[in-house]
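Visitor: Residues per chain, in single letters:
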Amino acid sequence: MSDLPDELRGLPLHDLHAELGGKMVPFAGYEMPVQYSPGVMKEHLHTRAAAGLFDVSHMGQVILRGADAETLALGLEGLIPAAVLGLAEGRQRYGLLTNDEGGILDDLMFANRGDHLFVVVNAACKAADIAHMRAALPGIDVVEVTDRCLLALQGPGAEAVLARLAPEVAAMRFMDVATVVLEGAECWISRSGYTGEDGYEISVPNDAAEALARRLLADEAVLPIGLGARDSLRLEAGLCLYGHDIDTTTTPVEAALHWSIQKARRTGGARAGGFPGAERVLAELEGGASRLRVGLRPGGRAPMREGVALFQGDEALGRITSGAFAPSLQIPISMGYVPRALATPGTVIEAELRGKRAPVTVDSLPFLPANFKR
Amino acid sequence: MKYTEEHEWLRPEDDLIVVGITEHAAEQLGDIVFVELPEVGTEVTKDEECVVIESVKAASDILAPLDGEIVEVNEMLVANPGKINDDPMGDAWFFKIKPSEPEQMDEYLDEAEYNRLIG
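Sequence lines, in order, name chains A and B. Numbered by full-length UniProt numbering, the letters in the first sequence go through residues 1 to 374 in order. Numbered by full-length UniProt numbering, the letters in the second sequence go through residues 1 to 119 in order.
It should be emphasised that the hints constitute simulated quantities derived from the structure, not laboratory data. Even glycine gets a Cβ: it sits at the ideal position worked out from N, Cα and C. Watch out, some of these pointers could steer you wrong.
To be verified - With a straight-line cut-off of 20 Å between C-alpha atoms, the simulated DMTMM-like cross-links for lysine to aspartate or glutamate are:
hint, chain 1, residue 1, chain 2, residue 2
1, A, Lys42, B, Glu27
2, A, Lys23, B, Glu27
3, B, Lys46, B, Glu107
4, B, Lys96, B, Glu8
5, A, Lys356, B, Glu48
6, A, Lys356, B, Glu107
7, B, Lys2, B, Asp47
8, A, Lys356, B, Glu27
9, B, Lys46, B, Asp87
10, A, Lys23, B, Glu23
11, B, Lys96, B, Asp47
12, A, Lys42, B, Asp86
As the list claims (entries may be wrong) - Stretches of chain B that chain A covers, calculated by requiring three or more beta carbons in the stretch to come under 8 Å of a beta carbon on chain A:
hint, region
13, 5 to 17
14, 23 to 37
Bound-form chain A, shown alone:
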């Protein structure tokens, strides 16, 4: 792949995507399929109606090992506001790496897989995340997993499709993790995803990934889905995209991700604070943040995308951080930050699109109810 501009890295399933008609684009340093021939709209709707297979192998997969489970859990708690200690074996949680100001360095999933924690981080952040964890966690081994692909099988049909290969996956609940043999390969599976649908994320050895992907795609319920539909699916589900809806300038409370901070880590909890930026984050948990991430519904049919400025009268409120036309809702939807006083659903503010003001209504998130298997 050395002839690619900017040293774009190809992933193990690159040729399969090309064979499937994937339109490849640079994303976080990798060549990734943004869509296949049906296009974003049909891929999105297919995922909500049946099942979609996503290659998310660009994401970082990291294994953390410590002297013992408690040392390991308390170590990671030093970097994230979520409770790690107490997470049962075979369970996964959502977490945030914070900086000293309480800003978000990355969002991640971490799973208790018995003798280690398995962490999945964003592609664009993974090098920095790993360096950060290594520097901050002496005594804990931080190993990037580079010999595995990550596939996501998402949609109401996902359980039936995957259970045809391994019946035990049907018994998994939302945020369970398990080691399951698929097509002869040891896979690390979680029942989770980034679409608001039921589904699985599957870490599969590189040399078995193509055969597994082909086997899943051979099921008539499954279509390959590109990053374009992944983005519209997660937006309808009200999920944040790092670098857009959350970044180092937004705190967990501002981002309305307070639910990811369990009671034990909050003021008065058994292990309150102790993560970077805790002072600010705990204060915001108690007293509220000055601004909040909210859902926004543009009044007309024009999508309002990232960067569109929000106003109330002459006062600039902030900007839209994600926006698109929502294929399942058939309306434009956006997310952005507004002052707390204006964050109540139903509040009407204005956005400036192509030089013209248009009304935008604050809405609750998610736009579309999640369809998880609890």
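Since chain A is already given, all that's left is putting chain B on it; use the hints.
Guide: For chain B alone, kept in the frame of chain A given last:
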């Protein structure tokens, strides 16, 4: 029929020019979800933005290919933007323009030249 390098087609109809986008353009844009048309009676200058199209992927502009007056717009597209993907060369025209400098048509591509451009 003439074509612009911006992937518009221009079809003479009496003393008017009907403007739309090519099949190639519609395919590249992906599913179109929103169209904003100019107002009838607007005087436009060549290369002035006069239509906004939003697909699921991004916003794009259609430029006025000629100097002139917009005399008719295809209102049907506002309610049915997906029509542009279904029938870009036929029913999904955008507007009709009465050119003030009809010779501006001469600089545009014929079908063979356009096909080479997108080849």
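Visitor: Of all the hints numbered above, which does this structure not satisfy? Sort the numbers upward.
Guide: 6, 8, 9, 13
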